[in-house]
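Enquirer: Sequence:
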Amino acid sequence: MVSVITGSVTHVIEGGSLTAIRTAAGVAVATKRIMRGRRVRRIVVVGAGRQGREHVRCLLTVYPEANVTIVNRNLRRAERLRVEMLEEFKLEEGRVKVMELGGEGVEEAVGEADVVCLCTNSLEPIFPASWYKADGHVNAVGGFTKDMREVDLEFLESCTAVVLDTETAMEVGDMLQGEGEVREGVRSRCSLLPDVLKGEWEGGGGRTFFKSVGWAAQDVAAGAFVVDNLPRGGRVMVKKGGRGETGTFEGAFEDDGKGKVVVKEGDWGSRGVSFVKVEGREDWEVEVGDVLVKVGEEDVEGWNVGRVDKRLGEDRVPGNGGEVTLHFTRP
Numbered sequence: 001m002v003s004v005i006t007g008s009v010t011h012v013i014e015g016g017s018l019t020a021i022r023t024a025a026g027v028a029v030a031t032k033r034i035m036r037g038r039r040v041r042r043i044v045v046v047g048a049g050r051q052g053r054e055h056v057r058c059l060l061t062v063y064p065e066a067n068v069t070i071v072n073r074n075l076r077r078a079e080r081l082r083v084e085m086l087e088e089f090k091l092e093e094g095r096v097k098v099m100e101l102g103g104e105g106v107e108e109a110v111g112e113a114d115v116v117c118l119c120t121n122s123l124e125p126i127f128p129a130s131w132y133k134a135d136g137h138v139n140a141v142g143g144f145t146k147d148m149r150e151v152d153l154e155f156l157e158s159c160t161a162v163v164l165d166t167e168t169a170m171e172v173g174d175m176l177q178g179e180g181e182v183r184e185g186v187r188s189r190c191s192l193l194p195d196v197l198k199g200e201w202e203g204g205g206g207r208t209f210f211k212s213v214g215w216a217a218q219d220v221a222a223g224a225f226v227v228d229n230l231p232r233g234g235r236v237m238v239k240k241g242g243r244g245e246t247g248t249f250e251g252a253f254e255d256d257g258k259g260k261v262v263v264k265e266g267d268w269g270s271r272g273v274s275f276v277k278v279e280g281r282e283d284w285e286v287e288v289g290d291v292l293v294k295v296g297e298e299d300v301e302g303w304n305v306g307r308v309d310k311r312l313g314e315d316r317v318p319g320n321g322g323e324v325t326l327h328f329t330r331p
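So the sequence shown is numbered by our numbering: it starts at 1 and just counts up by one.
Calculated directly from the structure, the hints in this document are not laboratory data.
One thing to keep in mind: the hints can contain errors.
Unchecked claim - Quick list of in silico lysine-lysine cross-link-like pairs, DSBU-like style, CA-CA up to 30 Å:
no., residue 1, residue 2
1, K146, K90
2, K97, K198
3, K32, K133
4, K133, K146
5, K198, K32
As the list claims (entries may be wrong) - Listed next, with one range per pair, are the computed distances between beta-carbon atoms:
no., residue 1, residue 2, range
6, R80, D219, 37 to 47 Å
7, A221, R76, 17 to 27 Å
8, E107, S17, 30 to 40 Å
9, E87, V227, 27 to 37 Å
10, E124, E171, 36 to 46 Å
11, L18, E79, 18 to 28 Å
12, A134, E87, 30 to 40 Å
13, R80, V227, 48 to 58 Å
14, K198, E84, 47 to 57 Å
15, S8, D135, 28 to 38 Å
16, V83, G105, 13 to 23 Å
17, G206, R76, 33 to 43 Å
18, G7, A221, 37 to 47 Å
19, G105, D228, 15 to 25 Å
Positions of the beta carbon are idealized from the N, C-alpha and C atoms, including for glycine.
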């Protein structure tokens with residue numbers, strides 16, 4: 001992440017995990033909107049890597065009553081994911097199952113699934129069109145080049161509606177079938193996700209398809225969300241002043257943004273508290289006694305402060321006696 005003011009780097013976020021989470025979250029939102037009015041009881045997720053994990057997680061969040069089948073070449077990895085999801089969502093044993101790609105029972109599971117998520121890097125279609133439920137929904141997120149495809153032309157032509165996250169999705173292998181271009185019959189059924197979310201899409205029954213390749217705005221929004229929700233632990237500093245005395249007292253505030261610092265009797269000069277600083281949190285409010293002080297003003301020494309002086313009253317901010325408690329919370 002970079003500052004929009006200075007252009008300097010402010011935070012570095014591991015991109016692989018962020019991409020998997022934001023992609024799955026976008027798919028879950030799209031699926032819920034596209035499947036509006038249709039009940040989702042069974043979900044199949046193909047792939048047990050980072051994308052597969054986050055798709056299981058996000059879809060179980062949106063559809064907590066659904067049963068999930070994880071299909072993967074490596075059963076050991078799929079089994080680890082199954083156990084992880086059972087524990088995370090506190091589900092009964094049979095709610096999440098695993099199957100080997102190409103193994104027994106996969107065709108039946110896909111045919112019964114209300115939602116299928118394809119999270120692979122395959123160069124060839126995963127399943128034939130005839131396997132998918134006639135009124136089911138399929139999400140494809142793995143292919144992002146012209147050579148990668150998880151569905152075939154027959155499947156695309158069988159869909160009553162195709163939704164793309166961006167126009168760029170028209171340029172990947174799933175959409176470039178046959179002659180290496182989007183068939184007109186398919187193009188005429190395409191809509192963009194923003195239009196769907198804004199309500200400018202009627203939808204309908206039948207088989208539907210969502211193709212996601214992601215776009216930069218998702219990364220920016222997801223990164224900003226991560227930064228905004230980082231743990232807020234740190235220090236609060238209180239500066240005393242009066243009769244030439246200066247000094248600071250420090251205390252900690254908690255990760256949830258709540259905490260306090262108590263400065264006890266005898267720690268003060270005649271003027272009591274003169275400055276309060278919450279490290280790195282210039283927009284927070286600090287309560288001194290029962291007086292709220294906005295942190296964000298700046299004095300000549302460069303402190304980001306809430307100014308507290310005798311004008312607030314000796315009964316609220318003591319001088320040479322008593323104690324003062326600083327409470328602070330997020331704005």
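Enquirer: Each hint: holds or not?
Expert: Hints, one by one, checked against the model:
1. Proximity of K146 to K90 is assessed by CA-CA distance (about 40 Å); at most 30 Å being required, the pair is judged violated.
2. Note on K97 and K198: the hinted pairing is violated, with a Cα-Cα distance of about 35 Å set against a maximum of 30 Å.
3. Pair hint K32 plus K133 holds up; C-alpha atoms about 17 Å apart against a cutoff of 30 Å.
4. A distance of roughly 26 Å separates the Cα atoms of K133 and K146; the hinted pair therefore holds under the 30 Å criterion.
5. The suggested pairing of K198 with K32 holds, with an alpha-carbon distance near 14 Å, which does not exceed 30 Å.
6. At about 28 Å, the beta-carbon gap between R80 and D219 misses the expected band of 37 to 47 Å.
7. Evaluation of the 17 to 27 Å hint for A221 and R76 yields a failure: the beta carbon distance comes to about 35 Å.
8. For the pair E107 and S17, the supplied restraint of 30 to 40 Å holds, since their beta-carbon distance comes to about 33 Å.
9. Between E87 and V227 the CB atoms are about 29 Å apart, so this pair conforms to the stated range of 27 to 37 Å.
10. Taken as a hint, the range 36 to 46 Å is violated for the pair E124 and E171, whose Cβ atoms sit roughly 19 Å apart.
11. One distance hint, 18 to 28 Å for the beta-carbon pair L18 and E79, holds here, with the actual separation near 26 Å.
12. Roughly 35 Å separates the CB atoms of A134 and E87, a value that falls within the hinted 30 to 40 Å.
13. Our hint of 48 to 58 Å for R80 and V227 is violated, since their Cβ atoms are close to 30 Å apart.
14. Between K198 and E84, the C-beta spacing of about 35 Å breaks the proposed range 47 to 57 Å.
15. A beta carbon spacing of about 52 Å between S8 and D135 contradicts the range 28 to 38 Å that was offered as a hint.
16. Hint check: V83 to G105, Cβ distance near 20 Å, so the stated range 13 to 23 Å holds.
17. With their beta carbons about 37 Å apart, G206 and R76 fall inside the hinted range of 33 to 43 Å.
18. Range check, G7 to A221: about 19 Å between beta-carbon atoms, so the 37 to 47 Å window is missed.
19. Judged by the Cβ atoms, the range 15 to 25 Å given for G105 and D228 is violated: they are separated by roughly 44 Å.
In terms of the numbered hints stated before, the structure departs from hints 1, 2, 6, 7, 10, 13, 14, 15, 18, 19, listed from lowest to highest.
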